[in-house]
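My request is simple: use the sequences and hints to build the entire structure.
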Amino acid sequence: MACEPGPCPSDRMHARYLYAIVPARTASAPGAPGLGDVDPHVEVLTEASLSAVVGPVPASLVEAASALDEEHRPGRERTLGAVEAAVRDHERVVERVLERATSVLPIRFGTVLPSSEAARELLGRNEEELGSCLEALRGRREWGLKLYWDTDSAEESARTLTSSPGTTDPDADRPGHRFFAAKRAELTRADRRQDVYFGMASALEEALQSVGIVQVQMQVHAGVGASPNACVLDATVLVAQDDEERFLGAIESVLRGRTGLSASISGPWPPYSFVGGLPLAAQ
Amino acid sequence: MTSDPFAGYPAGTSGGSITRSDTSNLADILERVLDKGVVVAGDIVVSLVDVELLSIRLRLLIASVDKAKEMGINWWETDPWLTKGRDGDGSSAGELSERLERLESTVERMAHALEKGSKR
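If you read the protein sequences in the order shown, they are chains A and B. Start counting the first sequence at 3; every next residue gets the next number (this note's numbering). Start counting the second sequence at 983; every next residue gets the next number (this note's numbering).
These aren't lab readings, by the way, just hints derived from the structure by calculation. Be aware that a few hints might be false.
[To be verified] Just so you have them, the derived chain B footprint on chain A, three or more residues with Cβ under 8 Å: (1) 103–111; (2) 247–259; (3) 267–276.
[Stated by the list, open to error] One-sided and incomplete, this derived list gives chain B residues near chain A with beta-carbon spacing under 7 Å: (4) 1000; (5) 1001; (6) 1005; (7) 1011; (8) 1014; (9) 1016; (10) 1021.
For glycine and all other residues, C-beta sits at the position ideal for the given N, C-alpha and C.
Below is the structure:
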């Protein structure tokens, strides 16, 4: 599937890049900066109960599209640089909206509408659905959580799991048998390590649920173990600002008693991961 | 100014029980803005960039070639877009290495998706 050519320059003047959708007349707190100073080029279009944060098509996006054009092929580094600039520009605007709005629906990168009128029509056509989603996200922020486990410590935890008592193997001295016995032992260690990782993930889920945090997306990297300090769990969590201290406490409770386990927290992010797969009908 | 209960924790990803990183990491940004967020479907959308294709190509471009090959992905070896303009300049090695650490798991997920013939 090839990239389609972009709009001609005259059409691009009317086109609007869509960053986010927020409740109309939104404000995070009295006296807080409004959406008007998110970016000099960004404007807010309002239709009924919703507002769209839009701007002219970013120059960085045009350059990224050009760099990806088959006919130009400027080279890998320039392409990466152009795309990086475009995605960082997008994220910078959406994060500033997050700081200023009570609720934010971040739009996927690269969404360009033909005009301001089209943006308003989009809001009007999807007002109910968008309004419900915004209400569900009110006062909440996304956090990234990665858990890293020192391999030796994880192995030690795995060894403490139940294991069958040693038995005498009559074939132990046969060369071929020794090879397969070693392989079987390695697989057993991998299985036990996997059990430990999934046990840790369950503990995290329970700890979060115990403080009312239920919107969690989690991926366990059970096959790792080759590097000294591997990332064994990757999670994104939607947390109400009032619950963020409890979120921290839940993480600490999982780390407690697990030697060599550490956590890296990133954020706060706009709630990209929790918009519920919301495709908007544009026509 | 929004609060940050984790502000007192050190930056980085290792060396302490809990560390804190901000939202500047490119891999974390890519994972969100390319794959997630609200999607506007339909002819109303002006297509400047094929985001779906960009998402796949970008991850394979900056991930480990060896790791992708290990998973059976090597179509870029015959893709003219990716073979032309490639440079062996070591100045990009450090940057790519850092991205590699962040994106290996994402590449693995996408490999499974490609193998199953499913795309978002």
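Evaluated hints:
Under the rule that three or more residues need a Cβ within less than 8 Å of chain B, the assignment of the stretch 103–111 of chain A holds, with 5 such residues. Evaluation of the coverage hint for the stretch 247–259 of chain A: fulfilled, as 6 residues show C-beta separations to chain B shorter than 8 Å, against a requirement of three. Using a Cβ-Cβ cut-off of 8 Å, 8 residues of the stretch 267–276 of chain A lie near chain B, which meets the minimum of three, so the contact claim holds. Taking 7 Å as the C-beta cut-off, the interface hint given for residue 1000 of chain B holds, the closest approach to chain A being about 5 Å.
Given the 7 Å rule on beta carbons, the hint for residue 1001 of chain B holds: about 5 Å separates it from the nearest Cβ of chain A. Nearest Cβ of chain A to the Cβ of residue 1005 of chain B: about 6 Å, under the 7 Å cut. The hint holds. Hint status for residue 1011 of chain B: holds, given a least beta-carbon distance of 5 Å to chain A, under 7 Å. About 4 Å separates the beta-carbon of residue 1014 of chain B from the nearest beta-carbon of chain A, less than 7 Å, and the hint is met.
Interface restraint check: residue 1016 of chain B against chain A, minimum CB-CB distance 6 Å, threshold 7 Å, status holds. Interface hint at residue 1021 of chain B: satisfied, since its Cβ lies 5 Å from the closest Cβ of chain A, which is below the 7 Å cut-off.
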